[in-house]
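Enquirer: Chain by chain, the residues:
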Amino acid sequence: MSGKKKMKNADLAPSRRQRKGVGQYILGFFLLLYTLFCALPILLVFIAAFTDEKAITQNGFSYFPEKWSLDGINSVLRYGKQLIVSYGVTIFITVVGTLVGLLIMSMFAYAISRPDFRLSKFFSIYLLIPMLFSGGQLSCYIIFTTYYNLKDSLLLLILPLCVTTMNVIILRTYIANSIPAELMEAAKIDGAGEYRTFFQITLPLLKPSMAAVGFMMATTYWNDWQNALLYIKSDSKKPLQLLLVNIQKSIEFLLNNANVPASARAAMGGTIPQYSATMATVIVVIGPIMVVYPFFQKYFIKGLTVGSVKG
Amino acid sequence: MKEFFRNTWKHRAHVVMALPAFLVLLFFAYIPMSGLVMAFKSFDYSKGIWGSPWNGIQNFKFLLASKDIFVNMTLNTLMYYVIFTAVGTFLNVVLAIAIDQFVFKRCAKVMQTIMIIPIFISYAAVQFIVYAFISTDTGILNNTFGMNTKFYITASLWPIILTIVKMWNSVGYGSVLYMSVLAGVDTELYEAAEIDGANKWKQIWHITLPALIPMITVMLLLSVGNIMRSDTGLFYQVTRDSGTLYDTTQVIDSYVLHAIFKNSNYGFVSATTLFQSVVGLLMMLFANGLVRKISPENSLF
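Line order of the protein sequences matches chains B and E.
Counting the first sequence from 1 gives a position; our numbering is that position plus 57.
Counting the second sequence from 1 gives a position; our numbering is that position plus 6.
Same shape as in the complex, but just chain B (with noise of 0.2 Å):
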């Protein structure tokens, strides 16, 4: 089965079932069901983000809100010196982790696609057995924290997640299928090394493939909230999650922090706007990927696939 030639069809939309009868109507009808039911509870979040205080404490959330309001926004954003420090280290770690994860793995997976490297079957199967059997979270946490002594360190956000043995048999099916070995063999007739003919050969026909895998490696490094939760201890190294996790103390914190001046709490009327402040940080966590997504979404449908075919 070749990933090509199926998504060149998908793209193509075959022609037949040109018939456009009532059913294709009623069909639809329940397929934009269906989208409603997965678009409107975003879609609160945002309404519920722009609604004023009061009237979400008196009636409740809702979609048509009776007085719209900006203090939510506001309050997040004027005095949100944390927000900003988090969306540092969220943007760092993701960065970071995907672009080292993305080179090891695919170093990993090109070194054991390797025809004739005797070792290639040994890395095959260390590589597999995290897959089968891990230590669970108890003794992560027991060994990363007392005999790492990595308690509070950012490594923890990015080390554990880089290297999974899904994404690198992604990246070895992608070489073995899709990158003739005798571009590999040309560049070595030619008088490239082997880390030439990796860096300059492979790794840029790689490109397709580390675009899904990257994609998919950023969206877990940006959703992480697990290992931050039970390893980041400090303000400064807090990633959004976590922030949104602690929401109700950082609400506080960031709107009772010595940075807000007196004034502009009396304007708020000494009330803290909580609901929507609340909104306005998740529609900051999750914007970002929510605009990125649509760009990303030809390479990520394509990961999926070609994962899911063994090379």
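Mixed in with the good hints there might be a few duds.
[Stated by the list, open to error] Quick list of in silico lysine-lysine cross-link-like pairs, DSS-like style, CA-CA up to 27 Å: (1) B:Lys111 x E:Lys156; (2) E:Lys115 x B:Lys359; (3) E:Lys111 x B:Lys359; (4) B:Lys111 x B:Lys208; (5) E:Lys16 x B:Lys245; (6) B:Lys290 x E:Lys268; (7) B:Lys294 x E:Lys268; (8) B:Lys178 x E:Lys268; (9) B:Lys208 x B:Lys264; (10) E:Lys8 x B:Lys208; (11) B:Lys295 x E:Lys268; (12) B:Lys138 x B:Lys355; (13) B:Lys178 x E:Lys16; (14) B:Lys264 x B:Lys245; (15) B:Lys355 x E:Lys111; (16) E:Lys115 x B:Lys264; (17) E:Lys8 x B:Lys245; (18) B:Lys138 x B:Lys290.
[To be verified] The following residues of chain B were derived to be distant from chain E, with all beta-carbon distances above 10 Å: (19) Lys124; (20) Gly248; (21) Pro265; (22) Ala268; (23) Asn280; (24) Ser291.
[Said to hold, decoys possible] Here's a subset of chain B near chain E, in silico, CB distances under 8 Å, partners left out: (25) Gly117; (26) Phe121; (27) Trp125; (28) Ile148; (29) Phe149; (30) Arg171; (31) Thr202; (32) Val220.
I should point out that these hints are in silico values taken from the structure, not numbers from a laboratory.
For every residue, glycine included, the Cβ atom is placed at its ideal position computed from N, Cα and C.
For this one, chain B is given, so just place chain E on it according to the hints.
Expert: Here is chain E on its own, set in the frame of chain B:
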């Protein structure tokens, strides 16, 4: 042997390339496995994993004795696995077929984009959305239907709530795989069926579904390997780790996470983890063996 070393030396560049990922796996996957010996020790923080005294199978005895916690969370883990897999697979397939049958392709593409988005929203964020719908005083459900249901303390409702949240989160994403299979079905089959007078339902029943069966089988079998693992975020975040809901919401993964924060009996917890890992391993081997028999090209190893 000499031959082997010569080969390795010849490929030394490849060894170097494999090394970074090798080390990451060593330190963050392999060494933590050794921590499972804690299951046979009475753990003492000050003495560390290795220094703590052995206590044989004491922890496991304790595990079996404390039926309410251990049995309850194991049953919950299994129950949610069954519900999510059954409902999820069904909806994935239905959605994939529906989108595939829909002739307005551009429209379908936009809808599909929207349907996939929820998978990218972390449960840490999802819990606030869920809260907006079901909180007692401010929740949309209670307000719209004039109810006064206290969702966050009514354990019996949570299997339904969690299933809905999980499906919202993952069905759009899960159907992509099945759609790519459908896109590969030979269109001539449909044309031939139409000439033979088969209507839409018959075509779906006799062409579309059979085309999907291999993929469904493989996905089901491969998921068996994760039978003891759950979407921690769903059970820990969305339920707000609320104790009154544990009856129906506590799964092994969320229990372990909770236990780490409470610094509770680590021996008990690690016995649970070992149980989880071993059952997972056995299921994975079993499932892969089956897949290898049915469709070798889809087996993992």
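Enquirer: A separate judgement is required for each hint: does it hold in the structure or not?
Expert: Results for each hint:
Only pairs whose Cα atoms come within 27 Å are accepted, and Lys111 (chain B) paired with Lys156 (chain E) is accepted, the gap being roughly 22 Å. Simply put, Lys115 (chain E) and Lys359 (chain B) have alpha-carbon atoms about 15 Å apart, close enough for the 27 Å limit, and the pair holds. Distance restraint check for Lys111 (chain E) and Lys359 (chain B): the Cα-Cα separation of roughly 18 Å lies within the 27 Å cut-off, and the hinted pair is therefore satisfied. Only pairs whose Cα atoms come within 27 Å are accepted, and Lys111 (chain B) paired with Lys208 (chain B) is rejected, the gap being roughly 41 Å.
Taking the CA atoms of Lys16 (chain E) and Lys245 (chain B), the gap is about 14 Å. The hint holds against a cut of 27 Å. Distance restraint check for Lys290 (chain B) and Lys268 (chain E): the Cα-Cα separation of roughly 16 Å lies within the 27 Å cut-off, and the hinted pair is therefore satisfied. Annotation: proposed proximity of Lys294 (chain B) to Lys268 (chain E) holds, straight-line Cα distance about 23 Å (limit 27 Å). For the proposed pair Lys178 (chain B) and Lys268 (chain E), the alpha carbon gap of about 43 Å is over 27 Å, so the pair is violated.
Distance restraint check for Lys208 (chain B) and Lys264 (chain B): the Cα-Cα separation of roughly 35 Å exceeds the 27 Å cut-off, and the hinted pair is therefore not satisfied. Among the hinted pairs, Lys8 (chain E) with Lys208 (chain B) is inconsistent with the structure: their alpha-carbon atoms are about 45 Å apart, more than 27 Å. Distance hint between Lys295 (chain B) and Lys268 (chain E) is fulfilled; the C-alpha atoms sit about 21 Å from each other, no more than 27 Å. In summary, the hint linking Lys138 (chain B) to Lys355 (chain B) is not supported, as the alpha carbons are separated by about 36 Å, beyond the 27 Å threshold.
Of the supplied pair hints, the one linking Lys178 (chain B) and Lys16 (chain E) holds, its CA atoms being roughly 16 Å apart against a limit of 27 Å. Straight-line distance between C-alpha atoms of Lys264 (chain B) and Lys245 (chain B) comes to about 21 Å, which keeps the hinted pair within the 27 Å bound. Annotation: proposed proximity of Lys355 (chain B) to Lys111 (chain E) holds, straight-line Cα distance about 15 Å (limit 27 Å). Proximity of Lys115 (chain E) to Lys264 (chain B) is assessed by CA-CA distance (about 24 Å); at most 27 Å being required, the pair is judged to hold.
With a C-alpha separation of about 25 Å, the suggested pairing of Lys8 (chain E) with Lys245 (chain B) holds against the 27 Å cut-off. A threshold of 27 Å between alpha carbons decides the hint, and for Lys138 (chain B) with Lys290 (chain B) the separation of about 17 Å falls inside it, so the pair holds. With 10 Å as the threshold on Cβ separation, the claim that Lys124 (chain B) sits away from chain E holds: the shortest Cβ distance comes to roughly 15 Å. Every CB of chain E is more than 10 Å from the CB of Gly248 (chain B) (nearest about 15 Å), matching its label as outside the interface.
Taking the minimum C-beta to C-beta distance to chain E, about 15 Å, the non-interface status of Pro265 (chain B) holds against the 10 Å cut. Even its closest Cβ contact with chain E, about 16 Å, leaves Ala268 (chain B) beyond 10 Å, as expected for a residue assigned away from the interface. Not every CB of chain E lies more than 10 Å from the CB of Asn280 (chain B), the least distance being 4 Å, so the non-interface label is violated. Interface exclusion of Ser291 (chain B) from chain E stands, the closest Cβ pair being 17 Å apart, more than 10 Å.
Given hint, Gly117 (chain B) at the interface with chain E, holds; its Cβ is 4 Å from that chain's nearest Cβ, closer than 8 Å. Evaluation of the Phe121 (chain B) hint against chain E yields a violated restraint, the C-beta minimum of about 11 Å exceeding 8 Å. Annotation: interface hint on Trp125 (chain B) violated; nearest CB of chain E at approximately 17 Å, more than 8 Å. Because the smallest distance between the Cβ of Ile148 (chain B) and any Cβ of chain E comes to about 15 Å, over 8 Å, the interface hint for this residue is violated.
With its C-beta approaching chain E no nearer than about 17 Å, Phe149 (chain B) sits outside the 8 Å limit, and its interface hint is violated. The restraint placing Arg171 (chain B) at the interface with chain E holds, with a minimum CB-CB distance near 5 Å, inside the 8 Å limit. Taking 8 Å as the C-beta cut-off, the interface hint given for Thr202 (chain B) is violated, the closest approach to chain E being about 10 Å. For Val220 (chain B), the interface hint holds, the least distance from its beta-carbon to any beta-carbon of chain E being 5 Å, beneath 8 Å.
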